[in-house]
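With the sequences and hints as input, model every part of the structure.
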Amino acid sequence: MSRVGLVLVSHSAKLAEGVAELAAEMAPEVTVVPAGGLAEGGLGTDYDAVVAAVQRADSGSGVVLLYDLGSAQMTAELATESLADPNAAVVADAPLVEGAIAAAVAAQGGADRTAVVYAAASAGAAPDLAEAAESPAEETAELTLRNDVGLHARPAALLARTLADVDAEVRVRLGDSEVDARSVLGLMSLGARQGDTLRLDARGAQAAEAIRRAKELVETNFGE
Amino acid sequence: MACDANGTAGAIRAAAAVVTEHRTELIDLDRAIGDADHGENLNRGFTAVVSALASATPETPGAVLKTVATTLISKVGGAAGPLYGTAFLRAATALGDRSEVDLEGLVAALRAGLEGVKARGKAEVGDATMVDALAPALEAAEDAAKQEGADISTVLIAAADAADRGCESTVDLVPRKGRASYLGERAVGHADPGARSTALLLRAFAEAAR
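Taken in order, these protein sequences are the chains called A and B.
By numbering that gives the first Met the number 0, the letter at position 187 of the first sequence is numbered 186, and the numbering carries on one by one without gaps.
By numbering that gives the first Met the number 0, the letter at position 4 of the second sequence is numbered 3, and the numbering carries on one by one without gaps.
Quick caveat, the hints were computed from the structure, so don't treat them as lab data.
Among these hints, one or two may not hold up.
[As the list claims (entries may be wrong)] Here's a subset of chain A near chain B, in silico, CB distances under 7 Å, partners left out:
#: 1; residue: Leu37
#: 2; residue: Tyr46
#: 3; residue: Ser70
#: 4; residue: Met73
#: 5; residue: Thr74
[Claimed, not checked] Among the chain B residues that face chain A by a calculated CB cut under 10 Å, a handful are:
#: 6; residue: Ala79
#: 7; residue: Pro81
#: 8; residue: Leu88
A quick note: this is a predicted structure, and the numbers were derived from the prediction, not measured.
A virtual CB, placed ideally from N, CA and C, is assigned to each residue, including glycine.
Take a look at the structure:
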């Protein structure tokens, strides 16, 4: 399956590489290409490098670009406009680190360009700590985390990815907080650690399947 | 001076010389409110532009400006690269394949350049940016072009005069875009380096068209 690729435009080569490393950890099959710093070294954004990165990142499903500061945004937008097909790439208005991770996980789950941009942009919003929905859940489960790191970045990404293609809405609750199970950042914001018990409520055609998958992940300690 | 491809390339070379001459001034302006690299970046970009124009001779004024745009985009780091690159690229597109720049073409190129900078930088008049020099320059050029006996030279002089006044107006403004905006009120009292370089470029074009 061809996935949306990501390009990280930063003033710093190290920053772009570091964020790419982090995103790739959570989305191993997504092409994440860092484009940071100037060709001759030093801080700045290099238009030619960004254009080359976009070409490398595109495997047919298009590219989403993220940026760190002002001129990186301009360079990203200019590079996008200069493509043979300007619609092949989209610049996401999102925080670089959170946005890149959310975008990578969405792309890993097979989301299209628009959905990947949306995932990145939503990463800038405050975590969804909404009250529980009115209608009763169709399937529920209480899962106790036994893995070492709890619902840290990688396990959170795994859970969100596992549920990405299931036709069900899954809410995860810990204490007073409740989040959408497909939101990596939401899951991370719960701060669930080893020994914590999560309550999962699922609604929709595949509610039972969603719970089954989540249970399996937790019981196998997220592959740790 | 004929505003054909050679004349346009000559005006660009004159602008490059002015950028080199004012490199330190631009660095000093940028040191006050930014990261002191505007003069250096712009000088590097225009030096590369002069080499690019020497190694290939574009056939139309639009093609000259396109070479300027692509070179600046690639060689100038920081915000000035994409901003000036966009301005010259849009101006080149506005000129199309006409063999000489006439009054209508000049005004259209300035207008397209301004629109490009506003779109790329999301800046408006009053934000203390290049737009504060370029917007009044376009307005003055439009007025001058309507005057009896107007030619390229009088229109560019009017534009450069207005850009100088626009640049001076940024001294009293609180910057709202770019790195200078982080300083807020503390940036008041300093001219915007981008507005200054825009005014310098327009003045160089006006002198070249005399």
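Against the structure, the hints:
no.	hint	in the structure
1	Leu37	holds (5 Å)
2	Tyr46	holds (5 Å)
3	Ser70	holds (4 Å)
4	Met73	holds (4 Å)
5	Thr74	holds (5 Å)
6	Ala79	holds (8 Å)
7	Pro81	holds (4 Å)
8	Leu88	holds (9 Å)
This entry satisfies every hint, going by the numbered hints stated previously.
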